[in-house]
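Between the sequences and the hints, there should be enough to build the whole structure, so can you do that?
In this note's numbering, the protein residues as written are 1 to 299.
One thing to keep in mind: the hints can contain errors.
[Unchecked claim] Across the chosen pairs, the derived CB separations fall in these ranges: (1) 101 / 12: 19 to 27 Å; (2) 116 / 187: 23 to 31 Å; (3) 12 / 92: 30 to 38 Å; (4) 62 / 115: 35 to 43 Å; (5) 51 / 202: 17 to 25 Å; (6) 279 / 124: 29 to 37 Å; (7) 263 / 285: 21 to 29 Å; (8) 148 / 183: 44 to 52 Å; (9) 183 / 121: 19 to 27 Å.
It is worth saying that the hints were derived from the structure and are not from the lab.
Positions of the beta carbon are idealized from the N, C-alpha and C atoms, including for glycine.
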Amino acid sequence: MTQIVRFAPSPNGLLHLGHAFSALLNAARARETGGRFLLRIEDIDVSRCRPAYEAAISEDLAWLGLAWETPVRRQSEHFSDYRAALATLDALGVLYPAFESRAEIARLVAAREAAGPWPRDPDGAPLYPGDAKAMPPPERAARIARGEPHVLRLDLSAALARLGPAAETLAFEERGEGPDGETGRVPARPEAWGDVVVARKDVPASYHLAVVVDDAAQGVTEVVRGRDLFAATSIHRVLQALLGLPAPAYRHHRLILDAEGRKLSKSTRATGLSELRAAGLTPADVRRLIEPIAAPAHP
Numbered sequence: 001m002t003q004i005v006r007f008a009p010s011p012n013g014l015l016h017l018g019h020a021f022s023a024l025l026n027a028a029r030a031r032e033t034g035g036r037f038l039l040r041i042e043d044i045d046v047s048r049c050r051p052a053y054e055a056a057i058s059e060d061l062a063w064l065g066l067a068w069e070t071p072v073r074r075q076s077e078h079f080s081d082y083r084a085a086l087a088t089l090d091a092l093g094v095l096y097p098a099f100e101s102r103a104e105i106a107r108l109v110a111a112r113e114a115a116g117p118w119p120r121d122p123d124g125a126p127l128y129p130g131d132a133k134a135m136p137p138p139e140r141a142a143r144i145a146r147g148e149p150h151v152l153r154l155d156l157s158a159a160l161a162r163l164g165p166a167a168e169t170l171a172f173e174e175r176g177e178g179p180d181g182e183t184g185r186v187p188a189r190p191e192a193w194g195d196v197v198v199a200r201k202d203v204p205a206s207y208h209l210a211v212v213v214d215d216a217a218q219g220v221t222e223v224v225r226g227r228d229l230f231a232a233t234s235i236h237r238v239l240q241a242l243l244g245l246p247a248p249a250y251r252h253h254r255l256i257l258d259a260e261g262r263k264l265s266k267s268t269r270a271t272g273l274s275e276l277r278a279a280g281l282t283p284a285d286v287r288r289l290i291e292p293i294a295a296p297a298h299p
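In structure tokens:
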């Protein structure tokens, strides 16, 4: 079946071997299915993203021999799409504003952990510990009218109640393999995330909201991405169901790790594509570097 896939980097640093691996997998999937390979620039973090990094992304991908459809979708050009999605969620009664700063949240978590472990999401961040959900509507409105900075959080319990019986059967199609070998039809487990942020203080979206809106807008049929995002698929399925968006299939792939077994980061200059290119390596050399590192752990 023809597939529409996308490679979606953030222009807040230079690409490394892990990005090359994911981009090459996406391009190969498009090629083998007679499908389409899209590039999306995920630049909602306007404070960290830079045009120079976006230019470097295009240069690195072209050096690898990849070609993609144009125009490229840039998240910063589609804030109106995210605002429309937020309006739909608000009309469903599944959003609430939260006004705590990061420091205040850290203090709340510390206070709760004094009585025992506080739950954390699959990424290791503590679940939201505040009580903004219980704030009286007049107080919310007054604080927003005063211009107090706030995020918008998804009221997960209200969201699941809104979905009704469908929430109990919410799942996604995994065509790759999750961290624990999950494949095929995988039940969604959004409760592990708590009340996630869907709109940040400075932009009308978070990663979770933007990615589901973008995938639907671009007609993506198969999401090929790293296993570090496997758990996030559960919250994405909730948002897709609430917004009436189609659910693509997912193909999560192994991560390329450094010598200490950690996921590569953009600060790891030794694996940066521009660094490797400057050292005289060719695209074929990069492929040879990736193949043994990304090979399955078991036959």
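Enumerate the violated hints, using their earlier numbering and listing them in ascending order. Hint 4 is the one this structure does not satisfy, whereas the remaining hints hold.
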